[in-house]
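Student: Chain by chain, the residues:
There are 4 protein chains.
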Amino acid sequence: MNRKPKILAFAGSIREGSYNKKLIQAAVNGAKKAGAEVTLIDIKDYPLPVYDGDIEEQQGLPENAMKLKKLMWEHDGFLIASPEYNSSISGALKNLIDWTTRQATKDEVYLSCYIDKVAAIMSASPGGLGGIRGLVHLRSILENIYTLVLPTQKTISNAQEAFDSEGNLKNETHAKEVENIGNKLAIMIDKLKSS
Amino acid sequence: MNRKPKILAFAGSIREGSYNKKLIQAAVNGAKKAGAEVTLIDIKDYPLPVYDGDIEEQQGLPENAMKLKKLMWEHDGFLIASPEYNSSISGALKNLIDWTTRQATKDEVYLSCYIDKVAAIMSASPGGLGGIRGLVHLRSILENIYTLVLPTQKTISNAQEAFDSEGNLKNETHAKEVENIGNKLAIMIDKLKSS
Amino acid sequence: MNRKPKILAFAGSIREGSYNKKLIQAAVNGAKKAGAEVTLIDIKDYPLPVYDGDIEEQQGLPENAMKLKKLMWEHDGFLIASPEYNSSISGALKNLIDWTTRQATKDEVYLSCYIDKVAAIMSASPGGLGGIRGLVHLRSILENIYTLVLPTQKTISNAQEAFDSEGNLKNETHAKEVENIGNKLAIMIDKLKSS
Amino acid sequence: MNRKPKILAFAGSIREGSYNKKLIQAAVNGAKKAGAEVTLIDIKDYPLPVYDGDIEEQQGLPENAMKLKKLMWEHDGFLIASPEYNSSISGALKNLIDWTTRQATKDEVYLSCYIDKVAAIMSASPGGLGGIRGLVHLRSILENIYTLVLPTQKTISNAQEAFDSEGNLKNETHAKEVENIGNKLAIMIDKLKSS
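Residue numbers (my numbering), protein chains in the order written: chain Z, 4 to 198; chain B, 4 to 198; chain X, 4 to 198; chain E, 4 to 198.
No lab work stands behind these hints, which were simulated from the structure alone.
Mixed in with the good hints, there may be bad ones.
Non-contacting residues of chain E with respect to chain Z, defined by C-beta distances greater than 10 angstroms in every case (computed) [said to hold, decoys possible]:
1) D48
2) I58
3) Q62
4) E66
5) M69
6) L74
7) K187
8) K196
No more than 25 angstroms apart at the CA atoms, straight line, and that leaves these computed lysine-lysine pairs for BS3-like [to be verified]:
9) K7/E to K196/B
10) K7/B to K194/E
11) K194/X to K35/Z
12) K196/B to K70/B
Have a look at the derived ranges for each label pair, beta carbon to beta carbon [what the hints assert, rightly or not]:
13) E111/Z to K179/E: 53 to 63 angstroms
14) G38/E to E175/B: 36 to 46 angstroms
15) E111/Z to P50/B: 20 to 30 angstroms
16) G170/Z to E164/X: 57 to 67 angstroms
17) E111/Z to I44/X: 37 to 47 angstroms
Just so it is clear, CB atoms sit at the ideal spot from N, CA and C, and this is done for glycine as well.
Please work from the sequences and hints to get the whole structure.
Tutor: And the structure:
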């Protein structure tokens, strides 16, 4: 295609010092090096109420859900760094997915912000397993809403020791692997959107 | 044991007309028939912000998270009817678990409201699969926080047609199976708490 | 690319009258219509011992494992119709994967028959859930060995009534959906292999 | 109850030097200390063909499947050390489950060797994740066939360095945790079978 692959990147955590907010940065760099245009957002800037079908019926989607959906529509794929809470994804990320999978209007094709998108996922966690169980759930959830998920993923265990004071991964091999995920996503989108 | 098994029951959905709020009632009846003392709550009455580690650090647990933890401590087990959103549990239920698994104080034994508890789970869903994929995730999450989950579970598909105007399951076999889950949970708790 | 997409297709069941052997045929037709060259095999023709590390060390890979690996190397992707046994994939399919993921020689790049391949999966099952839990495991296993799995999948429930005497799906919508999976796989491979 | 809890223990691997065969021993010791009668078997002694519905229909269950079913019927619970192959359980263990879940005769209550049994699971693996993904699948499979699985489990990563020359876990904390799993299983069975 003529235009660059457009990727929306975010961490599934709200808190300021989140390891996953650091992690996503490395993947963003990789995607940019591969020629992608990347929009990195902080989900803290899009606060949502906990999903409640009655709110939806009475008031429609919250403004921030609409803003997130708009961002998703405008991009070809997603880079997601997902913290593991209780062996699954965060309530914050699940809630964001629950809202953005709802139709903006009755005319919106169901799941239109997710269908035919491509995603790459990763996780940093203080535990020894690096968030692998959260990624199992996230992968499953995304594919169920018709987003293609790259097989290559990366988990960073003992996250409290993994980043330097500037937020970069200390381990260079890990840093390259995460960058490579962004890179692969950009290339994959480029291939799928061209032809 | 001398005292009755105490069970906390709730649906993982907030909205008023939730199928899972109807479903949980049948299981509650079964548990009561087996001699359990059951507290049925509506999670709508315990609104929580989306979990954010910064809120926790600055303000501690929200009052409703503390109320929920107190309820959990006072009961031996849980009956949970869990809607399936996007092939997993609801953001609402995940968020409730994320908050209640946090320590009330530094002295609280980590996961103390969940350890050695016993749970039984079920699901009603408008789709043809009845929420089975949500239960796979829920089971996995609960066991990872050391709650024993009964193998017997029940899914109700096509939930929009499954209940009569009084909220009872029309299909009597299904109704008995759901009641039986409450029954089994009460008996299991009784066995584990006695000796 | 100049050459056609090459797809290896098989069911994860050994028995003659397998519903999944019927199901795979519809997907194969779809892939062919989209221009793919499809090799449909019956895994019964490649009997393997149950994987045993000692056999591998003493005798290397069995001849049939080598034949299967060769077939995999020669194709760009896989169409798999997977029966559900005990809420997971069949022992037969797992065993086939266990053998073909082993290195033919020390020089073989680990997982080389799976890396960068693309797969599409489907399931037919006599139960009401159509094998959805088996597909959850299969998807997870394939992606872990670096095979990209299309989000679109199809489950056929009550399989004993789903096929006519010639082995075709009676329900035309279902037949088209399964055909469409083969079609999508061929197109995806074409996009990824070109450029 | 008057009689001791009876536990069947095995590793899900066939090869002689299997880490999981070493691991299971520690759990067996724990179960014995808690008063259980434990039968430790090597699944290598019960070779089975890969499950094929045609073999079953024509010849019934293989002799070794019948022997395994008999062992399962005679015991109250299972201790299983499960290797992880390709992010799931071994083909060998899946195949064993596939055969033993089939009915010995038309009169056998379906799944009778698994219903109301109690299991505890663990895993040793050369990788950094210790086999956690295999345990996720195993837990799910066992519960789906109505076996209660203890929430407490243990994974041993870097298994090639974890055992001493006599096959004992070098790390004493890990050794105690594994022993404790056997212990907990014996106690749980005792509680559930008494009353």
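Student: Against the earlier hints, flag every one the structure doesn't satisfy and list their numbers going up.
Tutor: The structure breaks none of the hints.
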